[in-house]
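Novice: Top line first, the protein sequences correspond to chains A and B. All residue numbers for the first sequence refer to the working numbering, where the first residue is 255 and numbers rise by one. All residue numbers for the second sequence refer to the working numbering, where the first residue is 255 and numbers rise by one.
Accuracy of the hints is not assured; some may be wrong.
Note that identical chains are pooled: a pair holds if it fits in a single copy or bridges any two copies.
Result set (EDC-like, lysine to aspartate or glutamate): computed pairs, CA atoms no more than 16 Å apart in a straight line [what the hints assert, rightly or not]:
(1) K304 x E344
(2) K448 x E487
(3) K360 x D478
(4) K448 x D421
(5) K279 x E474
(6) K279 x D510
(7) K480 x D510
(8) K360 x D421
(9) K360 x D515
(10) K360 x E474
Don't read these hints as lab results, they were simulated from the structure.
Number of protein chains: 2
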Amino acid sequence: MIAVHRLAIHTITTKQWDLPTAVRKYCAAGVTGVGVWRQWLEGRTLAESKSLLDDHGLAAVSLVRGGFFPGISESERQAALDDNRRALDEAAAIGAPQVVLVCGAKPELSLATNRRQIADGIAACIDHAAALGVKLAIEPLHPMYADCRSAINTLGQCNDLIDQLGDAHVGIAADVYHIWWDPQLEAEIRRAGKRIIGFHVCDWLTPTTDFLNDRGLMGEGCIDIKGIRAMVEGAGFNGPIEVEIFSNRHWSRDPDEFFQDILTAYQEHVEIMDRRS
Amino acid sequence: MIAVHRLAIHTITTKQWDLPTAVRKYCAAGVTGVGVWRQWLEGRTLAESKSLLDDHGLAAVSLVRGGFFPGISESERQAALDDNRRALDEAAAIGAPQVVLVCGAKPELSLATNRRQIADGIAACIDHAAALGVKLAIEPLHPMYADCRSAINTLGQCNDLIDQLGDAHVGIAADVYHIWWDPQLEAEIRRAGKRIIGFHVCDWLTPTTDFLNDRGLMGEGCIDIKGIRAMVEGAGFNGPIEVEIFSNRHWSRDPDEFFQDILTAYQEHVEIMDRRS
């Protein structure tokens with residue numbers, strides 16, 4: 255069996271598998287962590303999903319995803335807050351220590367307004383997060399998503415936000431896909447330190463042909479994944495490493511073969527030899 | 255006639271028109287500046303192109319483009335330097351005060367290597383630029399191009415580079431498409447001051463469906479063009495405003511209608527009333 259120390263997989267990565275299938279396959283391969291996308295919780299109770307994970311020796315390492323705070327109307331913003339509190343409830347119910355926040359953006363609003371509404375939205379969820387013991391993990395998104403998916407686009411912005419909101423209940427989910435290009439990467443990872451509570455891997459393809467669903471498997475692209483891993487671990491991160499790949503190309507393949515390739519790619523392009531258990 | 259004070263148009267924007275057609279159309283509409291793409295200089299001597307511009311009362315405001323400094327081999331890098339020196343010669347010959355640099359990137363090289371090769375490449379062209387009195391204008395490119403088009407992705411990097419290279423012969427071409435999302439935008443524009451020697455406009459569409467050729471006409475997207483214009487002018491810029499739109503959608507339209515829409519969009523979404531002549 256391929257060594258997969260600290261490997262966690264997002265359910266969306268193996269999109270063709272429902273939760274029962276995914277947990278069975280992950281377990282059989284020795285994977286111990288799952289990034290649970292909320293759609294994979296549908297169709298059964300949260301307790302049943304939790305049991306599914308437990309029965310296969312799997313831990314939910316993150317619930318994906320909350321966020322999308324900006325709204326044109328007050329009611330839209332309120333609905334987002336309600337949804338984020340539900341996401342925190344779901345995370346607590348399945349034992350996930352964090353909800354990943356894709357913070358949102360509305361092209362109709364100015365960047366400044368989007369960013370203010372995001373800060374206000376996260377702040378409004380902190381009490382609920384604290385009560386549940388679940389963290390809010392801000393995921394900076396690549397600047398190509400600044401118009402409509404997230405106006406939080408750099409680790410620097412995350413650090414500024416957390417300077418303001420405190421780090422007791424708010425952290426950072428750092429995905430190599432979103433941050434690899436950043437000239438301030440090393441400095442902002444150092445500044446973040448233990449604020450980094452999630453680390454996601456995949457790769458950037460040349461050319462990339464789709465804004466959302468053309469990510470590469472680790473090693474297929476140009477990201478220095480091991481280099482960034484060394485930086486976040488140097489800053490204090492030692493949690494699970496989450497594989498999150500959106501790829502029409504890989505999703506159209508035989509899912510077992512793709513899964514096998516994920517395990518191999520993890521070992522070759524993510525694992526650092528002297529840290530392997 | 256629509257007022258088009260300070261408007262310049264890149265020849266690639268009106269891609270269906272060759273240089274003789276473009277200068278005739280621009281002139282008839284009262285446009286006085288052209289961003290000349292090098293392909294539009296082919297098929298006649300540089301002196302003939304210069305005469306075409308002169309005869310229509312048009313000034314070349316920029317030659318587009320140089321750059322692409324990184325190379326896998328030494329000979330590839332040398333070829334890039336030779337080509338950049340030729341671009342400077344061409345700019346001088348047609349009276350363009352600057353060559354716009356799309357700095358380049360090779361996905362096979364590390365970001366650090368790409369960035370070092372870019373700095374070295376620009377440095378190696380400075381003497382030639384100085385001798386000709388033509389400036390090298392570094393255009394920071396959106397981070398979605400960091401893999402293969404430019405590893406210079408923020409105004410902050412441009413400022414760092416110019417701190418190192420001096421600003422006598424090197425400046426910045428600021429294109430709203432590449433910089434609008436940057437949380438450091440205002441601070442880095444202020445830091446740049448008169449280093450900004452080019453200002454390019456277009457818009458960011460939601461959704462954007464192509465990484466290269468789906469830019470919007472000003473006003474079609476979410477960029478606060480007037481806000482960014484006010485920032486660069488506050489920092490000291492008072493040069494031509496260059497419309498640079500790559501758009502399969504607009505390129506497939508009737509070119510005269512598209513051109514008319516450019517003039518209208520410029521007046522509505524770029525012009526600041528109290529500055530109009």
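Novice: Each hint needs a verdict: does it hold in this structure or not?
Specialist: Hints, verified against the model:
no.	hint	in the structure
1	K304 x E344	within (10 Å within a copy, 68 Å between copies)
2	K448 x E487	within (9 Å within a copy, 41 Å between copies)
3	K360 x D478	between (32 Å within a copy, 13 Å between copies)
4	K448 x D421	within (9 Å within a copy, 39 Å between copies)
5	K279 x E474	neither (23 Å within a copy, 47 Å between copies)
6	K279 x D510	within (9 Å within a copy, 59 Å between copies)
7	K480 x D510	neither (25 Å within a copy, 52 Å between copies)
8	K360 x D421	neither (26 Å within a copy, 38 Å between copies)
9	K360 x D515	neither (37 Å within a copy, 26 Å between copies)
10	K360 x E474	between (32 Å within a copy, 15 Å between copies)
In this structure, the hints that do not hold are numbers 5, 7, 8, 9, in rising order.
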